[in-house]
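Assemble the whole structure, with the sequences as input and the hints as a guide.
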Amino acid sequence: MKQPVSNLSSNFKINFDHTINSGQVFLWEKIDTKWYGIDGRRVLVLENSQKFKKNMKYEIDFFRINDNFEKISNELKNDNYVRDAIKMFPGLRLVRQNPFQCYISFIVSSNSNIPSIKSRLQNLCKMFGSKKIVDGKAFFLFPEPSDLANASILDIKKCGLGYRAKAVKTASLSILNGKIDFDSLKKMDYQTAKKELIKVFGIGSKVADCILLFSLEKLEAFPLDRWMLRILQKYYSNEFQISTKTLTEKTYDQLHENVVEHFGAYAGYAQQFLFKMERELYKKKWL
DNA sequence: ACCTGACCTCGTCT
DNA sequence: AAGACGAGGTCAG
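The numbering of the first sequence is the working numbering, which starts it at 2 and goes up by one.
The hints are all genuine.
Okay, derived cross-link-like pairs now, DSS-like style, lysine-lysine, Cα gap no bigger than 30 Å in a straight line: (1) 207 <-> 251; (2) 200 <-> 158; (3) 235 <-> 286; (4) 251 <-> 167; (5) 54 <-> 72; (6) 158 <-> 132; (7) 167 <-> 180; (8) 251 <-> 235; (9) 132 <-> 31; (10) 138 <-> 58; (11) 167 <-> 246; (12) 31 <-> 54; (13) 31 <-> 158; (14) 187 <-> 54; (15) 35 <-> 127; (16) 180 <-> 196; (17) 72 <-> 55; (18) 88 <-> 31; (19) 52 <-> 132; (20) 284 <-> 88.
For the record, the hints were derived by calculation from the structure and aren't laboratory data.
In structure tokens form, the structure reads like this:
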């Protein structure tokens, strides 16, 4: 039996450039050689060739260092295209985000491109978040649920959210009144947690999957956005039937079921590699 | 139940 | 330089 690789020693294979530039996170910027990122009320700071020390609990958690990536990637490599994508971006990883920030980020993402999403989130932080100085630089932390729940829709709109402003306010209220509780959602199975999320105004199948995958421990979540549909159509026309029409909730679920059957329990990881590969191919902007 | 159009705004392209 | 276009979807009719 092969000795398991120590998680702390294998993690420096993580490539922060690739991981941050993969559409999972929006509030990161590179200054000189360091990445600075907002995650809830924290500012994460990382160097390119960062090695994780035991006391970096928060960073270890964020970058999912304790996932057994050897095992996961071995399983993913059963699929040829995912295998190629892993070969191209071996240091790409999923991250584990602050749930509230992730929730709002993807509500705000609907029908938008990444530069717009980033701009809106930055504006929300500036208007509703508190300031923190790190390395002599000023950062604005992500607002708390109460900050956005108590804000006026008009003020939220000033951040460039358009019709999404109402959704951000009501979704934040759902946190305050307990209709959405992230710790409970983490404990539920994928399907049950997803049903709860979709009850929230502004959250559909795709956004729910992003929240589940990037912040609520559901690695079988596989966000089916226009890119992923294009990818499935392009490389997997033998495996999946993709119609050109927009998916209804039911057809979405059906396709997701087939996708998990094909890619396995770590389908979410597969999605991240495929998404990264295809968007790089078209030179799409990340941040 | 499924299908279609409308939707705010902004970065990018011409 | 101004105008059109489309973007990691969702909701209502």
